[in-house]
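K.L.:
Heads up: the sequence lines are chains A and B, in that order.
With full-length UniProt numbering, the residue at position 345 of the first sequence is 345, and numbering never jumps.
With full-length UniProt numbering, the residue at position 123 of the second sequence is 123, and numbering never jumps.
Heads up, some of the hints might be wrong.
[Stated by the list, open to error] Straight-line alpha carbon distances no greater than 27 Å define the calculated BS3-like cross-link-like pairs of lysine-lysine that follow:
1. B:Lys415 with A:Lys77
2. A:Lys416 with A:Lys160
3. B:Lys201 with A:Lys329
4. A:Lys202 with B:Lys179
5. B:Lys415 with A:Lys89
6. B:Lys179 with A:Lys416
7. A:Lys277 with B:Lys449
8. B:Lys449 with A:Lys269
9. B:Lys371 with A:Lys88
10. A:Lys440 with B:Lys179
These aren't lab readings, by the way, just hints derived from the structure by calculation.
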Amino acid sequence: MERTQQIMGRARATFNSGRSRPLEFRIQQLKALERMVQEKEKEILAALKADLNKCGHNAYSQEILGVLRELILTMEKLPSWAAPQPVKKDLLSIRDEAYISYEPLGVVLVIGAWNYPFVLVMQPLIGAIAAGNAVVVKPSEVSENTAQLLAELLPQYLDKDLYPVVTGGVPETTELLTQRFDHILYTGNTAVGRIVMSAAAKHLTPVTLELGGKSPCYIDKDCDLAVACRRITWGKYMNCGQTCIAPDYILCDPSIQGKVVENIKATLKEFYGEDVKSSPDYERIVNKRHFRRVKSLLEGQKIAHGGETDEASCFIAPTILTDVSPESKVMEEEIFGPVLPIVTVQSLDEAIEFINHREKPLALYVFSNNKQLIRRVISETSSGGMTANDVIMHSVVPDLPFGGVGHSGMGAYHGKFSFETFSHRRACLIKDLKLEVVNKLRYPPGSMEVMHL
Amino acid sequence: NPYAGLVSHLRASWLSGKTRPMEYRVAQLEALGRFLDDKKQEILEATELDMGKPSFEAFFSEILLCKNELNVTLNNLCHWMKDEHVDKNLVMQLDSAFIRKDPYGVVLIIAPWNYPIHLFLVPLIGAIAAGNCTIIKPSEISKNTERLIAETLSCYLDNDCFAVVTGGVPETTRLLENKFDYIFFTGSPPVGRIVMTAAAKHLTPVTLELGGKNPCYVSDTCDVTNVARRVAWGRFFNAGQTCIAPDYLLCTVEMQEKLMPALRAAITEFFGPNPQESPDFGRIVSDKQFRRLQALLGSGRVAIGGQTDEAERYIAPTVLADVLPSDPAMQEEIFGPILPIVVIANMDEAIDFINARPRPLALYAFSCDSKVVNQVLERTSSGGFCGNDTLMHVTLTSLPFGGIGNSGLGKYHGKFTFDTFSHHRGCLHRNMGLETLNTPRYPPYTQQKLGLLTTTFEVKRKGTCTLL
Numbered sequence: 001m002e003r004t005q006q007i008m009g010r011a012r013a014t015f016n017s018g019r020s021r022p023l024e025f026r027i028q029q030l031k032a033l034e035r036m037v038q039e040k041e042k043e044i045l046a047a048l049k050a051d052l053n054k055c056g057h058n059a060y061s062q063e064i065l066g067v068l069r070e071l072i073l074t075m076e077k078l079p080s081w082a083a084p085q086p087v088k089k090d091l092l093s094i095r096d097e098a099y100i101s102y103e104p105l106g107v108v109l110v111i112g113a114w115n116y117p118f119v120l121v122m123q124p125l126i127g128a129i130a131a132g133n134a135v136v137v138k139p140s141e142v143s144e145n146t147a148q149l150l151a152e153l154l155p156q157y158l159d160k161d162l163y164p165v166v167t168g169g170v171p172e173t174t175e176l177l178t179q180r181f182d183h184i185l186y187t188g189n190t191a192v193g194r195i196v197m198s199a200a201a202k203h204l205t206p207v208t209l210e211l212g213g214k215s216p217c218y219i220d221k222d223c224d225l226a227v228a229c230r231r232i233t234w235g236k237y238m239n240c241g242q243t244c245i246a247p248d249y250i251l252c253d254p255s256i257q258g259k260v261v262e263n264i265k266a267t268l269k270e271f272y273g274e275d276v277k278s279s280p281d282y283e284r285i286v287n288k289r290h291f292r293r294v295k296s297l298l299e300g301q302k303i304a305h306g307g308e309t310d311e312a313s314c315f316i317a318p319t320i321l322t323d324v325s326p327e328s329k330v331m332e333e334e335i336f337g338p339v340l341p342i343v344t345v346q347s348l349d350e351a352i353e354f355i356n357h358r359e360k361p362l363a364l365y366v367f368s369n370n371k372q373l374i375r376r377v378i379s380e381t382s383s384g385g386m387t388a389n390d391v392i393m394h395s396v397v398p399d400l401p402f403g404g405v406g407h408s409g410m411g412a413y414h415g416k417f418s419f420e421t422f423s424h425r426r427a428c429l430i431k432d433l434k435l436e437v438v439n440k441l442r443y444p445p446g447s448m449e450v451m452h453l
Numbered sequence: 001n002p003y004a005g006l007v008s009h010l011r012a013s014w015l016s017g018k019t020r021p022m023e024y025r026v027a028q029l030e031a032l033g034r035f036l037d038d039k040k041q042e043i044l045e046a047t048e049l050d051m052g053k054p055s056f057e058a059f060f061s062e063i064l065l066c067k068n069e070l071n072v073t074l075n076n077l078c079h080w081m082k083d084e085h086v087d088k089n090l091v092m093q094l095d096s097a098f099i100r101k102d103p104y105g106v107v108l109i110i111a112p113w114n115y116p117i118h119l120f121l122v123p124l125i126g127a128i129a130a131g132n133c134t135i136i137k138p139s140e141i142s143k144n145t146e147r148l149i150a151e152t153l154s155c156y157l158d159n160d161c162f163a164v165v166t167g168g169v170p171e172t173t174r175l176l177e178n179k180f181d182y183i184f185f186t187g188s189p190p191v192g193r194i195v196m197t198a199a200a201k202h203l204t205p206v207t208l209e210l211g212g213k214n215p216c217y218v219s220d221t222c223d224v225t226n227v228a229r230r231v232a233w234g235r236f237f238n239a240g241q242t243c244i245a246p247d248y249l250l251c252t253v254e255m256q257e258k259l260m261p262a263l264r265a266a267i268t269e270f271f272g273p274n275p276q277e278s279p280d281f282g283r284i285v286s287d288k289q290f291r292r293l294q295a296l297l298g299s300g301r302v303a304i305g306g307q308t309d310e311a312e313r314y315i316a317p318t319v320l321a322d323v324l325p326s327d328p329a330m331q332e333e334i335f336g337p338i339l340p341i342v343v344i345a346n347m348d349e350a351i352d353f354i355n356a357r358p359r360p361l362a363l364y365a366f367s368c369d370s371k372v373v374n375q376v377l378e379r380t381s382s383g384g385f386c387g388n389d390t391l392m393h394v395t396l397t398s399l400p401f402g403g404i405g406n407s408g409l410g411k412y413h414g415k416f417t418f419d420t421f422s423h424h425r426g427c428l429h430r431n432m433g434l435e436t437l438n439t440p441r442y443p444p445y446t447q448q449k450l451g452l453l454t455t456t457f458e459v460k461r462k463g464t465c466t467l468l
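Pulled out of the complex, with its shape left as it was, chain B reads as follows:
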């Protein structure tokens, strides 16, 4: 077991208790902030090398959003760490009942390649805030960012308590043989199953942030220009390599026709007449992904874009019209700059279409009629939902971010990350006196004792009058 030494080193640090004091956690979190500030340029460069990530996007997702999470955590940590006192019944008035937030111990964060800093750093913020030691396993596919993390993070964080492990599938498999006290995984559903199966051997709790096909319903009553912009932005951000990107559009044939020129206009507005020359449009992360996406271009008919350049791993912002449910583009999560449009007759058909498929990580509905938006929301199920926009629900730190069913289990962001990495321990601190109050619970049992017990422990329906 090649990682046994590392894990037991971290476990020894954990047992020493050094990660528990608030001052320590704050110091580590502030160091993470300095990492983001000092290495901003390197992060932008590494992610550009890895997937042509435009600096604008990289700054937004890898720096800005991360700093937001850091600040929310630093601002509230003291409050989050406090024992939460709870209501007590009559017999416990002199006792203290509270929920203590205990760290788990040594946790593992496995991050993917598409937002390679954000998707390890935001969970890490919660892990540190909750008082844990952490092993970080960045993705080997975004290899420049992997190298950056492996080489520089150790200059900022306490190496006794935080470590980076690099490598691919074999290394991750060996790593997962070890016992962790929590595993946080972001990636695909098949690998999510593997992670959870490995975790089950040690009874390790997990959070799995997975994916799926995020539907985007556009009703006939809508502001076509704004819809086109918001959808195009969400779809083509990071060249479509976003777990919460609108994966496919559902609309009527009339709306498809109206949307097409609007989408074309939005794409030109964003990326110019030749997106390949725009500094604001990304590239596909690997040859394997590029070829996979290229194969999807045969679905429906190419209405916008469709150009590819293998040398650059460039796929133009593409919209496919009249896509059939049986087409290749509708069989897997696209994870690329291709937007299929599937034509449906009306909202009911759209909802049935969505509900016949695995529950997605995100779901989008566009309409000027709020009743339509609410209908779609109420009659479907998804990790999260955004009405009249894409992606934005995950930027609000007060909203939980997570999937359901195939798209994942657990949630994080803001306080939810802290809660994810804490064990909520029910604690009762009783008084040693007043032993007579306990008499009704002790044998030998009598009807009178039972009556007393019932009275003291019962929850009376509101509206009844009780003397006690």
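Next comes chain A alone, as it looks inside the complex:
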């Protein structure tokens, strides 16, 4: 499509002109983004409500707060992140200048997802701008109100040539992916992740893929169940379960399964009241297609709590399934909905084996009072990231890299890691043109004795 070519051409020409490189320019753009978030807070919250029925509190705390935090952190640290980094020299380079120079990659592509449609575009965008790149932004068409809003707002606040927004669905994204980018950051599912990487391979474009998977949550017998279940309930049912790092399923001993259910039930009542459907704090499934998908996972399962659905409003009640079979459909794909299966295991060994025989998840959770046990779980499993004795929270520590491994993704971002993801670390060695005497050792005609010096 011609329009894509034009957008790319303009972005690249503007990048080549050097406009996006000076630190002052980058900080000015980030400040503009900060103004945008502050001035248009109402519009952003309204879009999130329209797309996901996100209540103001959740929308603000999950999306806006994080973005503001990232902006402040980035603006403050950018000068130190972008400064050339001197490196340790050896004997031969003692009189040279040796350092790593952080340089922009060029024109990068950020593809957002629909579940946290604002922050999942903004956070990568912040890092890409901070690193001095031109950025093409492609918000998810599934969260269409937020996509529309971003398409309207970004050009109002940011440089129009450097940071274009491209809206549309699969055909538009496919077209975009035929273009040559200098980095692509994609948030979404594993299947599309493969497509993005294959397209990137044609141009040798590096990629950061933030994908998903089934994030396990192991509950040890030795733990404060009430606290554990409250934390798990919060992370599982926020955004109606549509969170890439939500605890997907629980692994626990059969002897505590009943208590786990009781505790979660009690917490749900505490959070959403007797009638969940009328709680202003409980979201909805994003669309009918996902509603039907999640609903179908309930077939043939033992529903210990919840299970009510209403297609008209895409409502699925917070649901708990017990004695779930590892071979059932609900244990095959990432649930991405308010359905929490409990799979019983006889021991920690069994739990670890269970986890390790599946694809590496984006997040991993373990609840226990036993520090040794926690250490074992961390050491004997692999995951993008993990939290012990809570859920979700590792993703809000600014200095921790956020990313997947294996099928849950590659690369990482957040904070400094975003800046590094979108930068090229160029090795620089500047020598003196004189002082040839040292070099004579390496020139032919050589002798082995000289070599051993």
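Position chain B against the provided structure of chain A, taking the given hints into account.
P.N.:
Just chain B now, with coordinates in the frame of chain A:
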């Protein structure tokens, strides 16, 4: 799938956890060191048979530089493996937040023929240090070295965890059908694309060390003798078969004239009046490469060298003058002992010339005026950069080595190799108590809760006063 058995054998070893303890990794790395010591003579002989690699060069690149990397790794492994603790905000003061370095699992290293030991061994050092199992695929083109690696490496490394696969394109294609947890490839951009496409099917992360045409700008203010030596050394090392060799020179017509006698002098100083007789000058690795290079000799005019001997696959250290951008020598990475000089009017034109072309793996600029060197550095983009010398930036283990754009993605050497082969896992270990601190995040939501949440999670601009 002929390699499925091998890969699942390694995967089973990986799942057993045996490659993870530091003692195991150190033992394997030390064994690699013994391999280099014990097989030094065989390595020198094999690389000489493969491409006439002079012993001096082979010792430097295949033994010395490898041992440096080994020692840097052994000296620092304990430190690199440690969890990296990070800053926490107020609510997490009693928690532990750290980055854990996890091995990926079973990784694949594909190496090229030009530095056939170095280019599998240095990545392997990082792969082992990071706790992975590894399949090594050396190049079939350097067939003597391939045989040496296939026959002897297994005597040093744990065969349950490390394996060598030999063969050519068909074998590599079949190998790439398997799922690996990381692929490290050194070679040409077209094959890099094939590797990345294969990796995409399994969502395998990759490092691609590719190539391109590395420009070398020589300004009018420079010490001509030293420039000539440093450029000649970089260009003719390994008979030009070096991914970071200065591929072509950019300078004014006056500088071209000044450089010519200096280059001639440097070549004679290095290789004597007849380089074909010097033990310090290499040969071209194959007939195919030899013929390819021979065809490039028609570009511009041969100012120095130009002689060839097909029987020996010898191409003399050659300098081509007045080469045009449209000439054959300027259409592909040369990878041979031929140095084209392209005349430009000034530094700005040189920079425009460089920027109009794909970003190279290395970029060189020579000038006595440091401002000129800095200008070239700042106004261009490349994997790495060396001012006033060639090749040397890759010998410093504290500098990352890698490309950008067509010249590659990812980086290694020193700690960067360890980091390449590790998954950096964000970990938070929270306290089960202090549950009241979590109240603001739980429904039912109130304005007060939001206020509390904002206060505790906000990053305050420096300069504002906060009581908390």
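K.L.:
The structure should be examined with respect to each hint, and the outcome stated for every one.
P.N.:
Checked hints:
Proximity of Lys415 of chain B to Lys77 of chain A is assessed by CA-CA distance (about 24 Å); at most 27 Å being required, the pair is judged to hold. About 25 Å separates the Cα atoms of Lys416 of chain A and Lys160 of chain A, which keeps this hinted pair within 27 Å; it holds. Distance check on the hinted pair: Lys201 of chain B and Lys329 of chain A sit about 23 Å apart at the alpha-carbon level, within 27 Å; holds. For the suggested pair Lys202 of chain A and Lys179 of chain B, the alpha carbons sit about 20 Å apart, so the restraint of at most 27 Å is met.
For the given pair, Lys415 of chain B sits about 14 Å from Lys89 of chain A by alpha-carbon distance, which is consistent with the 27 Å threshold. Taking the CA atoms of Lys179 of chain B and Lys416 of chain A, the gap is near 31 Å; set against the 27 Å cutoff, the hint is violated. For the hint pairing Lys277 of chain A with Lys449 of chain B, the CA-to-CA distance comes to about 22 Å; that is within 27 Å, so the pair holds. Our distance criterion of 27 Å between C-alpha atoms is met by Lys449 of chain B and Lys269 of chain A, whose separation comes to about 18 Å.
Between Lys371 of chain B and Lys88 of chain A the CA atoms are separated by roughly 23 Å; this keeps the pair inside 27 Å, and the hint holds. With a C-alpha separation of about 48 Å, the suggested pairing of Lys440 of chain A with Lys179 of chain B is violated against the 27 Å cut-off.
Checked against the numbered hints above, the structure violates hints 6, 10; every other hint is satisfied.
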